[in-house]
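First residue of the sequence shown? That's 1 in UniProt numbering, and the numbers climb one at a time after it.
To be clear, the hints were calculated from the coordinates, so they are not data collected in a lab.
Remember, it's a predicted structure, so these values are computed and weren't measured experimentally.
Among the hints, erroneous ones may be present.
[Said to hold, decoys possible] Simulated pairs of lysine to aspartate or glutamate, EDC-like, Cα-Cα distance not exceeding 16 Å:
| id | residue 1 | residue 2 |
| --- | --- | --- |
| 1 | K612 | D639 |
| 2 | K724 | E585 |
| 3 | K612 | E642 |
| 4 | K603 | D639 |
| 5 | K854 | E881 |
| 6 | K346 | E394 |
| 7 | K603 | D572 |
| 8 | K173 | D144 |
| 9 | K724 | D660 |
| 10 | K612 | D572 |
| 11 | K667 | E749 |
| 12 | K603 | D632 |
| 13 | K710 | D660 |
| 14 | K1109 | D1160 |
| 15 | K724 | D605 |
| 16 | K710 | E749 |
| 17 | K1109 | E1163 |
| 18 | K346 | D191 |
| 19 | K173 | D191 |
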Amino acid sequence: MRNVQVTTERVRSLREQCFGVFSIDSPSSSAFLLLRDVSALVRYPLVDGVCEYGRFPIPEGTFGAGVADIVAMDYIPDLESICIVADNGDIVTVDVHGGDQGAVEVVGQIAGGVSVARWSPGHELLTICGRSVSSMLILTQQWDVLHEIAVDDVMSDLSWRSDGTSFIAVDTKHNLVVLYDRNGHAIARSDREAHDALLGPISFRPNGDFAIAPVLHDAGSSGAKTMMCLFEGANALRHGQFDIDIPEGCTLVSLDWNVDSSLFAIVTSSYIDVMRRSNYHWYCKIRLSTATPIVGAQWDPEDAMRLVFVTSSGLTSVTFHNDVTVAGSVAGVIDGSHVLLYPLQKCTMPPPLAYARAQCQDVISAIALSESSLACVLCDGSSLSVFDAIDQLEMGSTLSPSRTVDLGGPRRLRHLSWMADGRLVAVEAIEDGDDGLLIVDPCGNVSGCSVPSSPVVCVRDGAIQSSDGSVFRLLSDERIGAFPTACPTFSISGRRLLIGFDPRRSRLFVSGELISQQCTSTVVTDDGSRLLFTTSGLQNVLHIVDLLASPCIEVSQRPIERGALLVADVPDDKVVLQMPRGNLEVIHPIPLLMQTVGKLLGKRDWRSALLKMRRHRVDLNLIYDADPAAFDPEAFVNDVNEPLYITEFLGSVSDTNTRDTVYTSFKACQVVDDDDADHAGLASLAVEVPGQGTPNAPEQSVAAPRSAGKVNFICDLIAKAIAKRPDAVRLVQPHMCALIRQQPPRLEEALRLVGSLGTMAQMTAMRFAITISSAEDLFSAALGTYDFALVEMVGRASQRDPREYGALLDDLRAMPTHMQRYNIDLRLGRHARALEHLATASPISVDLCIELIKSHPEELFPVAFRLFPSRHPALLTAYAEYSRSGAAWEAAGDDNRAMEAYREAGQWREAMTVAFRVGVDTSRLARDLAVTMTTGPVDEVAARNACHLYAEYCQDVGNAVSVLVRAELWADAILIARGRNRADLVGRVVGPAVDRCARDLHAELASNTQRLKYCANRLVAIRETAVDRVEDDDDEAFDERTQSEMSNLSAFTLTSQCSSVDSWASKPWSNISSVTRRLKQGSAPAAKQRRKARKMKEGDPREPAFLVKQLRLLAPRYGQVAALLQALLTFQRYEEARAIQSEFDAYLGRLATESVRLPDVFEGVLDDSAKWRVPFLAPLQESIRDAEKELPLDTIDEREDADEETVLELF
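Given these sequences and hints, build the entire structure.
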């Protein structure tokens, strides 16, 4: 699909007559030619500015007499010299770059003359065939004879393989092709019967798989024809052929492959055909014609796309590049005098097949495509053929030129291009001058103008590019940008970005910035929004770049077959690639596909969007997720109007928002009028703003959900839209699907819809319902409609045995209507409806209703109270038994059971109220309630309630005070004792309890101080060695081995029982246990189980986290200390209170010190302790007054775990 286009063409006139054999020096971009009189070697530059014209004189007599032609001339890099082999046998070297520049040396003489001489590719060996003797010599670079081979006859031509392992020679006398190894041994010969007559020249393809030689073929009545025969590079057997047409009077000069084996040149005396092989077909890609005879030509040995040839009057250097000629969706491929046309939007025929052909009078050298026209420049440049209406091609047609434009004589034209106004422009190469522009208007008038800079390397998109990379606006000197290097393939995107591709260096540029150094092909989409390019490497990859983003970003990568190249981007999302074999493949990249889907959804073209998404397996949820507020169910149904497609859409809908999961980069677009667009297809996209719907969206009564509830929402909308249509029966399948897909499925409505159809359509619709739903669910739903005919239809459609359901239906038919429906609802688990049917029966079966209610109380009691609003004793009793509520029993009229229920619930006020009303012994009830409240750990609320019951209803002050003491409510206990004239209880009960609590607090502060010191020091030490080892690990997950090692360690409590501080402080600190919390509730075995200690060993990775937890448990309990100090003041135990306050103050100071070292550990644990500190108790009155002022009882903050008993084990 790629045409070989001329990039630059430089024509220089020769100052003197030269031989046709010449040599190219690639590093200096120059050509060396020998004058016809062998008086000098001259150098011509191939590129301006690299080198200058040079002349190297050759002394007279250097070449012997009789030099008629030059057999070989090569530049030898190792010798920095030109080696010339003349036909008379003279071998001469001329130093052109070495230290003896210009030195001429005769290195040898071959007696009898030379017919052909060829250097090996590495210039290591020189093979010479004698002209008068049947011998072949192989010389080294030092001119030593390595081998001398006797041959049957004089060889007319030979060619080396590119790796230097073998060469092939042509014996025209014996009509043979002989394959030799590098030592001169013949390893294969061709079959002389396989071809008619070899003409002489032969060329070995550089990659070595075959050689080509011309053969004169007898075509019978058509006369003799010339064809090119292919010979296997391994055995010289004939491999294939293709015909060539050499006009009369034209002679074949040479054959030559370029260095990368991609192009093959057939050089004749009048023209040069550049051929390419693809998909087993030989294309004539371009013909270079000259006004004067061609005497020699060869490819640059390093630059694969440069061809240099010599005519009798000039030297021409031509550089090529490969490019695809595409306009719209039509691609054109040059093949001799034909242009193969491919409308890629319709089909992708593999070349050399073609959808249509355009036939010209002569071989074509350049073409240009527009949306509807094709222009062809013929090889001599004298005329231009134009073909119209190529956008209306018919398969197999052959087009003739619509018109021909006379260009006024032979011209060397390239870069043919259409302008927006219908004019044609081409670049003309002028001998020994700068390039010029040739302009042809639609009327056929020809004019010319100069170019801003020469030589020109590309003309495209209304711009022209020079060899230095500068880009100018066409027909003006305005410079619009530049590339770092010349880019023969470039384009301008919608944002006026310059995109250039340099195929020689595999570089891709966007606005001068290098994007890739491994690029092999590029394509810009028609709307200019995406750049597609392929890269080589370990894996060939197709890249897609968003040109609308600023800066441009890559949005996709896709691996492709090695050697695959981009051909075109066909609207809307089709990308055509050409494989290395020549065949075409079509892909639909996700970014382009989603862009097309976005456009279709923006235009509300629901059917086209659905079909495209369905074809490419795009999640159909995107139809709704693209813009939920813009989804119009009625328009969607009317536009799609196909039951299968609507059903498929409903079947794919899910509650997942695909724009949040799969298609996160998708953009919903809205298409505006083309008149407002600055660039076709580019400015017409309006990207959705997050949080805003698409303009002109249809109004919906309910907010459109984006995920949860989406299935029900869409299905309900579609069902309503279908129901409104007059032909709703035709869309019965999507209508049923919309009902059944909802959660819960609306099966009964779907079945009623089936029942409304005709007899023939009912069974079809029922079978469809069974395919999308469970037959068992449908049977149950049909039964729930109470329509037995519908039940039988479901049974037949699901092929169930009538014996399975026949007996059931017979039993139901024999029942009264209410009982019939009651049994059906009970069978289907619809208990509320079953109860309703029982309630409407006459007479009402109360026992059956109560039994049903008791079987499902939580569901049916609310329904029962609604159905039976009047007071119903049996219902109230059943509800009281279910709820076990005292209020329910009171409503049912059973006070005794109500009082018991209140008592069990701990509602002592309600229980006492009922007891007074019933007239039972209230003191006994109050005592039972108080005992129940104070069993186990006692909190403040329970203690106050129990105290109230004991004091008020039992007149038991002793138990009331004891309960308050257990909760450490010292002030309340003293108040009750003195207020009830039981002052003895203050000294006998309250005082000993205060003493016991003070002793426990002494022990707790001492132990906590020791624990704080150890844990803090240990944590600081660990952090100094390994700061990042603190982990938030669960201290429950300790191994059994650690637990067994710590099972015998001592423990003490913080509030009640405490072992001696010395007993554990004196033990080795090799391990530390955790603090566990033992709730005062529950039985003794359960409490013992909760007290099971969890141990930690020093050095364990979890030890830092464990120590942090222990330190946080050492937070001070300000409220308990304050309450105890108040009690000690009351009992006038000043010294003891002063000691506790001093110890507590020291403990707070220690905590403050450690919080400085470990601020993260104590953050949020320590409050401002200054406001909690109680002043020292001297004098007494001031101390009491200050304590009351700073610590009122109602402001003490009770810790949340005040009722817990903390157990600490240390060892």
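Exercise for the section: Could you check the structure against the hints above and give me the numbers of any it violates, in ascending order? Expected result: Numbers 2, 8, 9, 11, 15, 16, 18 - these are the hints that the structure violates, sorted from lowest upward.
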